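Position chain B against the provided structure of chain A, taking the given hints into account.
Protein chains in written order, with our numbering: chain A, 725 to 962; chain B, 603 to 862.
Where hints are given, some of them may not hold.
To give a feel for the contact side, a few chain B residues facing chain A, derived at Cβ under 10 Å [claimed, not checked]: (1) K605; (2) K608; (3) S617; (4) N670; (5) L679; (6) F852; (7) K856; (8) F862.
Which stretches of chain B does chain A cover? Using the computed rule of at least three CB atoms under 8 Å from a CB of chain A, they are [stated by the list, open to error]: (9) 681-687; (10) 774-781.
If the Cβ cut is set under 7 Å, some of the chain B residues that face chain A in the computed set are [claimed, not checked]: (11) E673; (12) F674; (13) E676; (14) L677; (15) D861.
Bear in mind the hints are in silico, worked out from the structure with no lab data behind them.
Here the structure is a predicted model, which is why all the values come from computation and not from measurement.
Glycine is no exception: its CB is placed at the ideal position from the N, C-alpha and C atoms.
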Amino acid sequence: MIEIKGIKKSFGKLEVLKGFDFSLSKGKITAVLGPNGSGKTTLIKSILGLVIPSGGEISFNGKSIFKDWEYRREIGYLPQIARFPENLKVKELFKLIEDIRGGKGNSEELISMFDLDTFLNKKLRQLSGGTRQKVNIVLTFMFDSPVYILDEPTTGLDPIALIRLKDLILEKKKQGKTFLVTTHIMSLVEELGDELIFILEGQIYFRGTHREMMEAQKEENLERAIAKILEKKNAKDS
Amino acid sequence: MLKILKYSFFDLIRSRWSIIYFLFYFITGMVLLYLSNDVSKAIVSLMNITFILTPLIGTIFGVMNFYNSREFIELLLAQPMPRRRIFLGMFLGISLSLSLSLLLGMGLPFVLYRIFISSHVMSLLILLLSGVFLTFIFTAISFYIALVNENRLKGFGMAILVWLFMAFIYDGIFLLSLFLLQEYPIEKFAIAMSLFNPIDLSRILIMLQLDISALMGYTGAVFHKFFSNHSGMLISISALTAWTLIPLFFILRKSSKKDF
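Bound-form chain A, shown alone:
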């Protein structure tokens, strides 16, 4: 599926990814955790070709992704911030993505799932943050892709939409889809994540299930396990 070998990326003097190795397990939900600025988003953006790594190799189904764009047909991406052209209508935005990807997406089902029917003719600037995030989710899932990459998918969602999103993810997983999800919501990781990777300072600090992580840190829940890792690291640094 996705293979990452020794990728490096710095922004100016700041080294964000330091020789990062990783392979995404097919048919599983992998959660990417880490403190702010640890390189989660940079990792995701490197896979998508938004950020160009300064070293290393990323391949998708055995083919290098550098200078390629066709592979992105196989990925549904949910960006962290949902901001769209202000004067377009919601349905026009869906149409745009259909135009780009070619063919008809299954947006109707998703639109009713997230109660967006009444918003279709509204302009995007009139939508609230949560509604924009729902639009964002529809855009991500309207085309059937083998891989989905979700960057903070729960931002701004109300409990009903949150439950529907979880159901949607689990349903897609049943169909054999692969997920890479970043989040700060630990309950989401415990509920959905088959596997987690914990990134610290541009490298994988831990990889395994959340149970393994809790056991390794001798903590009862994930949040505390992570806090413990960070405290240890801070103590070592100072």
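Showing chain B alone in chain A's frame:
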């Protein structure tokens, strides 16, 4: 590219600012034509407004649109489509929607005034053509500046400085150098200098078309000789085209390497 262009165009043409921009030209054009009752004068007045305003609006829209679309660009970049097409589509979307406001806003008053048959049609066409060129040129320059500068304030400041330089400061330097070098034959130098500023170049094209170059003395005569024959016209159009294509080339080059 056409897909992005289409949506970017529709997004912008519906914005309040496009309508205000259109109305501004429309009302100004109407007032100037009907109050002065002199097409030549109206065109000169419109020219003076257009050659300051069009680059300014192109500059502001180029920078603002890029910065406002940051997150949307990220979404597009994650789609199966090469980068080149996204940026070309966005650039053309802004330039064309601004050009449409300009063409309609400035063209309609003349249509209503019925000047189809008068000799002024050519002047108007050149005015519109150079307005469109200036829109494309300054949108491209500011789009590039926004692409290079992550810091919005810095990007905005730089873009406005470029506009200020081209619209005002360059002329000052130009005049000063003509004054300092008045002892020498500097006509070729003057022509070359005007080719290096798209605003000046457009202005000269209109002046010559309106045949008021006689007012500009000997330099005017030299300009007239150079610009009014076919090769002069060709050179001017080529220079304006180069002014459009060079920043566009830099946009495409920068965007292919940039991290988003």
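Inset, instruction - List, from low to high, the hint numbers that the structure doesn't satisfy. - result: 6, 7, 10
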